[in-house]
Amino acid sequence: MLTKLTHWSRLKSPWILHLNTGACNACDIEVVAALTPRFDVERFGILLKATPRHADVIVCTGPATRQMKDRLIRIYEQTPDPKFVIAVGACAMSGCVYRGAYNVIGGIDQVIPVDVYVPGCPVRPDAVIDGVVKLLNKLKG
Amino acid sequence: MKFQIPIGPQHPALKEPISLRMTVEGEIIRDADLRLGYNHRGLEKLAEQKTWIQNIYLTERICGICSHSHTTCYVQGVEKLMELEPPRRGLYIRTLVAELERVHSHLLWLGVAGHEAGFDSFFMYTWRDREIVMDILETISGNRVHYGINTIGGVRRDLDEQQVKHILDSLAILRQRSEYYQHLGTNEPSFVARLAGVGYLSREDAIALCAVGPTLRASGVPMDVRKDDPYAVYAEVPFEVCTADTCDVLGRTVVRIKELFQCYNIIEYLLKNLPSGPVAVRAPRRAKPNEVVSRYEAPRGENIHYIKSNGTDKPERLKVRAPTLGNYAATLKMLKNGFIADVPLIFAAIDPCICCAERAVSLVDARSGQEKIISMNALKQLSRQVAAGNARKREAEWPL
Numbered sequence: 001m002l003t004k005l006t007h008w009s010r011l012k013s014p015w016i017l018h019l020n021t022g023a024c025n026a027c028d029i030e031v032v033a034a035l036t037p038r039f040d041v042e043r044f045g046i047l048l049k050a051t052p053r054h055a056d057v058i059v060c061t062g063p064a065t066r067q068m069k070d071r072l073i074r075i076y077e078q079t080p081d082p083k084f085v086i087a088v089g090a091c092a093m094s095g096c097v098y099r100g101a102y103n104v105i106g107g108i109d110q111v112i113p114v115d116v117y118v119p120g121c122p123v124r125p126d127a128v129i130d131g132v133v134k135l136l137n138k139l140k141g
Numbered sequence: 001m002k003f004q005i006p007i008g009p010q011h012p013a014l015k016e017p018i019s020l021r022m023t024v025e026g027e028i029i030r031d032a033d034l035r036l037g038y039n040h041r042g043l044e045k046l047a048e049q050k051t052w053i054q055n056i057y058l059t060e061r062i063c064g065i066c067s068h069s070h071t072t073c074y075v076q077g078v079e080k081l082m083e084l085e086p087p088r089r090g091l092y093i094r095t096l097v098a099e100l101e102r103v104h105s106h107l108l109w110l111g112v113a114g115h116e117a118g119f120d121s122f123f124m125y126t127w128r129d130r131e132i133v134m135d136i137l138e139t140i141s142g143n144r145v146h147y148g149i150n151t152i153g154g155v156r157r158d159l160d161e162q163q164v165k166h167i168l169d170s171l172a173i174l175r176q177r178s179e180y181y182q183h184l185g186t187n188e189p190s191f192v193a194r195l196a197g198v199g200y201l202s203r204e205d206a207i208a209l210c211a212v213g214p215t216l217r218a219s220g221v222p223m224d225v226r227k228d229d230p231y232a233v234y235a236e237v238p239f240e241v242c243t244a245d246t247c248d249v250l251g252r253t254v255v256r257i258k259e260l261f262q263c264y265n266i267i268e269y270l271l272k273n274l275p276s277g278p279v280a281v282r283a284p285r286r287a288k289p290n291e292v293v294s295r296y297e298a299p300r301g302e303n304i305h306y307i308k309s310n311g312t313d314k315p316e317r318l319k320v321r322a323p324t325l326g327n328y329a330a331t332l333k334m335l336k337n338g339f340i341a342d343v344p345l346i347f348a349a350i351d352p353c354i355c356c357a358e359r360a361v362s363l364v365d366a367r368s369g370q371e372k373i374i375s376m377n378a379l380k381q382l383s384r385q386v387a388a389g390n391a392r393k394r395e396a397e398w399p400l
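Residue numbers (the working numbering), protein chains in the order written: chain A, 1 to 141; chain B, 1 to 400.
Calculated directly from the structure, the hints in this document are not laboratory data.
Hints should not be assumed to be uniformly reliable.
[As the list claims (entries may be wrong)] Examples of chain B residues toward chain A, derived with CB under 7 Å: (1) ILE7; (2) PRO9; (3) GLU16; (4) PRO17; (5) SER19; (6) GLY37; (7) GLY64; (8) SER121; (9) PHE122; (10) LEU159; (11) TYR269; (12) LEU271; (13) LYS272; (14) VAL386.
We treat Cβ as the ideally placed atom computed from N, Cα and C, and that holds for glycine.
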């Protein structure tokens, strides 16, 4: 009964933490744009949270830079279980144009495990919503 | 009793990773310090491995909000190196996209300022209207954020009659909405009370600390690269440089709202006087050995690119000075003697774009003036040596 309730509430209110790990700001504003009236992800119960301790889903934008690597791991560990990571944008998936730069490790998956990849440079807000809904469907099943 | 408060790199008040260390006495900030480098990717080095054309797309990805600023600045420099003269229609379209970008950036900033001041419905309103500009940009270039419209020797896409009509129609809605924001931003008592007097930066300090863009203009200094050193077609477009003399966050808001109206006028002028002809000329693959400095008035202030060529199809050096970097020193000044609660507002008021500003730093010996480049390992060793020498004593003392 209780597990059923937690499962249901988890599906209805996935709170997200938006984390920039070295992105160019393009994906970041598109993630924020997804929260504003035109796209409005709040329909799915998604709220942007400021601290990892309140979040269920970490939305990562940008390639992992060497300076951010340790912080990224720390923020991942601060997030309570069960936690999910969405890699938003081509940089978060593979490094995109920054691939080969001396201070870039590569995609987010080089540092922490990733559940959903959302491609695009930058991603459209529609794609962010699609990614989140795919994650919710994954949880359902 | 002094405390040290760290803010960042991941913090509710900050959208991008940066670390602020503040020494506070009670509620009042006595000293502030910035730690950078969380967003440093090594773009300048990477640019040396890519060709002139490839670098347009790399410079575009220096920053997502001022993506057109960086490409235009870079492309203008390369055009000077290659001695190219872009056709006038191309320059008009380039300027048009630049002004549209300024509109979207200022609307975005207004929203963020509203959010930081605790006025979230303002944030939602401006971001809803920002979508109109995003739609215009999408019809022109095919993309919402990274337009990819600049190329060496002009632009990549032409405008047709239908698009011109669409932009003019949307402009009417934007004008109407901006008038509402102007009314709200300058008359709404609680909003004005929150912004007025916060983050004071006097005219002398703004000049001495090399502030740029709306931060400088809000301190009553009418400086704008578009007026002082006109590039593209700004020499023939009529517009005014907007200033305010309140020297605080309210002044910065007023400057940006005024600039929105100037942008609409410029866009209207450009569309009504759009010359016919081609939009681009063919560019050579190589540039003669030379060096050039290119200036551009980005939404956040003056953007400078230094480009050096060595006769090959790749640059030898690309140096980027983004406007946010110019504003850091002024921000620290603004933070001093302010309240902790004002930090997000003051910091947001310079419209920080951290990804723009994260460039490599060369070390200069303060005593001899000698510059040197240091390896990561040597730097780590150096810091360990310094840390070992420090007495292990904390500055902060808990009152309990």
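> Hint numbers the structure violates, sorted upward?
Replying inline: Structure breaks hints 1, 5, 8, 9, 10, 11, 12, 13 and 14.
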